[in-house]
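J.: Okay, here's what each chain looks like letter by letter:
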Amino acid sequence: MDVFGSFALILAFVCAVYAFAGGIGAIVTRHPLLVKSTRQAGIATCCLIFLATFSLEYLFFSDNFANAYVVSHSNRDLSTFYKIAALWSGQEGSLLFWSFLLSVYVFSVLITYRNKNGELMPYVGVVMAGVQIFFLTLNNFVASPFKALAVPGANGAMNLVARADGNGLTPLLQYPEMVIHPPNLYAGYTGFTIPFAFALGALLARYPGEKWIHLTRKWTMIAWMFQSMGILLGAHWAYAVLGWGGYWGWDPVENASLLPWLTGTAFLHSVMMQEKRGMMKVWNVWLVFCTFALCILGTLLTRSGVVSSVHAFAQSSIGTWFVSFLAIILVVCLGAYLKNRDYLKSENQLDAIVSRESSFLFNNLMLLVACVAVLSGTLFPVFSEWFTGNRISVGAPFFNKVNIPIGLLLLFLTGVGPLLAWRKTSTESLKRNFGWPLAMGIIGGALAFALGFREFYSLVCLILCVFVASTISMEFYRGAKVIRTRSGASLFTSVVDLTMRNTRRYGGYIVHMGMVLVFIGLAGAAFNRDTQKEMQLGSTMQIGPYTLVLQSVDSRPERNYTAQRMIIEVMRDNKPIMMLYPEKRRFVTTVENGTMVAIYSTLKEDLYVVFAGQSPDTQLPVIHAYLNPLVKWIWLGGAVVVLGTLVALLPNRRAVLVLAGAQEPSTATQTLQPGRLTPSVITREGHD
Amino acid sequence: MRRLAASGVLLGIALLLIVPLDAQDLSDRAKQIGGKFMCMCGCSQVLTQCNHVGCTTSSSMLKELNQSLASGGSETAITQMFVQEFGTKVYAEPPKSGFSLVAWTLPSVYLALGTVLVVFVISRWRKHALEPVAGTGNAAAIPQELLERARARAARETED
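Line by line, the protein sequences are chains A and B. Count the first sequence with the working numbering and you get residues 23 to 710, in order. Count the second sequence with the working numbering and you get residues 1026 to 1185, in order.
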C-alpha cells in the first residue's frame, strides 16, 4: 500500500501539471478537445489523491508499522475512531489531508460546471490545478506520508524495517472533537480556494458581469461555514480538554484560523454591494485574494515554527515553501489586477450617507481592522525580535483589550445594517425601525445592571445583544405578519414560510442571531470565578452556589490508557444534584498524561471541575473548580450560525414577485406607460 | 470492608501518575499581577491560567510571585525579576514603552486610516451621485432600452 499510495500521488502530480499546462494551452488555442482533456486531467488528479488518502488510512487500519508515519502516529490499541484522526495528526498526513479536501472541492466544481460557463471554467481550472500542484509538490517531494521505516545498516545503506507496534497518537488529540475539529477547519481553509479560483479566473478572462460572484457565493458560504464550525469546535476542544477554564487563548494558531474568517465575513457582506449596486468590484476581488492568502499564511504560521504555539506542528523547513507560494500568489494577483483593472470599473455612487451601503462599508472597515490588528499582534514577537533583538510576547490580555471594542462595534453594526434601506433611509423610517430595538436594548441593559452586570464591556455587550436580537425579531415578525394576514397560517408557519421565500436574507438573519448568542456567552467571561483546594475523602469545597464533596477516587484501566478518576458529588442548597468525574489519563505508549474535565453545564453557568494534580507535600488530590457564566450560549450560538448558513444555502422555495418587463427582453418592444407596469410572477431559482 | 475500601482509595491515590502540583492559594493581587505574565513552559498561556498537564514552570513562577508579594515586592520589582529571569518573552502584553508601544498604537492607526479611507470613499461616491445627468427632465426622451435597464436595476435593488 505504501508503493500504491506513493504512485497515486506521483501520478496525481503529473495529471495536475497537465491540467495546469494544458489548461493554459486550452485558453490560448480554445481547442475543444484540449479543454475537455484538461478538465478530465483535473478530475483524474482528484481521484488519484482520493486513492492516496484511502491507502494511507488503510495503512493505519491494518497496523502497518513498516510505514514511518503510521509508526509515529498510531499503535495497535488505538481505537478505530482515532485511527481516522491519526491521518491528520502529523505534518505529512495533514498535508495529504489538505490535498484530499481540496480535491473534494475541485472535483465538485469540475463536475458541477462541466457543461456550463465555457469561457470561464478553463481559467478556473488552471488556478485550481496550480494550487493542487503546490500541495502535491509537498506531498511528493517534501513531506511524503508514504516513507518506509528504515534504519542505517552496517554498510551505511538504509535497511527497511517494521516495528511490532507504533508510538501511538498524542494524548491531546485523543478526544472526539479532534476527530471533527481539524477536518472542519481544513475544509474552511481549502474551501476558500474555490472563490479565489473564480475571482482570479474571472479577472484573467475579463468575464463579463457579476456572474462569477453568483457562482462563487455558495462556495464561499460553505467554506465560511466550515471555518466557523472549525473555530468553534477548536474552542470547545480547548475548553473541555486543556483544563484551563477558557475556550479562546489568542494562541497564534487560533489567530491564524480567525484571520481568513474575518476577511471571508467581510466578503460575504460586501459582495452584496456588487450584486445589487455594481459597487466595490476591486475591493471584493482583493478581499477574496486576501482571504486565500491568509489561509496560506495561517498554514505557514502553524507549520513553520515562525511563532511559538502549543498547536503548531514540529518545526521544519516547510515554511520556505509556503513563503514562496505566498509570494507567487501575491505576484500573480497583483499582475492580474494591474493588467485588467479597467475590467473592475464600478458603478460607484452613493445616494445617501445613511444607507445600507454605508453600513456595509463600516462593517468591512471593522472586520478588516480586527483582522490586521490580530495579524500584527500575532507577528509582533517576530518583528520585535528583528528590530530590537528581544522577542516580546503578545498574549491574551493585549488581544482582548484591542478586539473587545472592535467586536462591540461590529455587533452594533449587525443590528443597524438590516434596519437601513438600500440607497437611502428616510428619517421617518429610522424612527420607525430603531424605536423599539433601542427601547428594548435600554430595558435589557437596566435589567442586566439590576442583576449585577456591572463590568462595562459586558454590560454594553448585553445591551447591544438585546438591541440586535430585537431588530432581527422585528424583521421576522413584520414579514410573517403580512403572510399571516394573507394566508391565515400560524405565526410560526408564517415565519418558516417567510424564511423559505428568501433563504439568503433570513438565513443571514439567523446567522446574526447566532452571533448574538455567541456574544452573550462571551459577555459572561468577565464574571468567571475559580478556586483550588487539596481535598481529602469526604471534604468539601464551595464555589458559588455549589458545594463539591469528594466521595472517592478510583482507577480504571482502558485499552490505550489508565484513568485516575475523582468521584465528586455536586450539591446545591444541601441537595445532591449530580456526580462529576474529572480524571487524569496516563497513556501507555506515549507515557504522557491527559486531562478529562468534568462540566455541569446550564444556560446560566458552567461548573467546570479539573483534577489538577497531586500535592507534593500531602499527596492529596488538588481540585480546581471554575464557575463560568453563560458559556453554553457560545456553543448554542455556533449551532445557530451553522443552521442559518445552511438555510441561506437553500434555494428559495417559492416564486417571487418581479417586474415582468424587467426580466423578459421580448416585452421590450411593447409600449410601456410609466406608472402602469404590470407585475407578474416569474420563478427565479436561487433568488437572493 | 471499610479497611478494604480505604486500602483501595490509598492504592488509587498511590497510582496517581501525575506530575505533582502546588496548590497555590493566590491572593487577588497575585492573580492581578500574575495575569500580566506568560507561563514560560511553552504553553502560550497566561501564568495564572496555565493548567497545563505536567507544568512545573507555572507553579514555580507563582511561588516566586507569592514570595515577592509576601516580602513587600512592588509590581515593578516583580516585573523586573521575571524579565531578568526569562527575558521579554515573559510579558503577557507588550509594555507601553519603547518599541512595544508600536504594538499598542497600530490598531488605532489602522482604525484611523480606515475611517479616513471610508469617509473619502463615501464622499467620492456621493459626488458621483450628485453629478447632473445629461438629458434629464424629459421622460419621453429616455430610450426604451435604458428604461428597461433601469427597471431591472430597480427590481434587483429592492428585492433585498
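Be careful, since some hints might not be right.
Footprint (simulated), chain B over chain A, 3 or more residues, beta carbon under 8 angstroms [to be verified]:
no., segment
1, 258-270
2, 407-420
3, 590-602
Derived from the structure by calculation, the hints contain no laboratory data. Every residue, glycine too, gets a C-beta built ideally from N, C-alpha and C.
J.: Next step is simple, just say for each hint if it's right about the structure.
T.: So, going through the hints one by one against the coordinates:
1. With a cut-off of 8 angstroms between beta carbons, the segment 258-270 of chain A has 5 residues touching chain B; three or more are needed, and the interface restraint holds.
2. For the segment 407-420 of chain A, the assignment as covered by chain B holds, since 11 residues bring a beta-carbon within under 8 angstroms of that chain's beta-carbons and 3 suffice.
3. Only residues whose C-beta sits within less than 8 angstroms of a C-beta in chain B count toward coverage, and the segment 590-602 of chain A has 0 of them, not enough to reach three; the restraint is violated.
Going through the hint list in order, the structure does not satisfy hint 3, though it satisfies all others.
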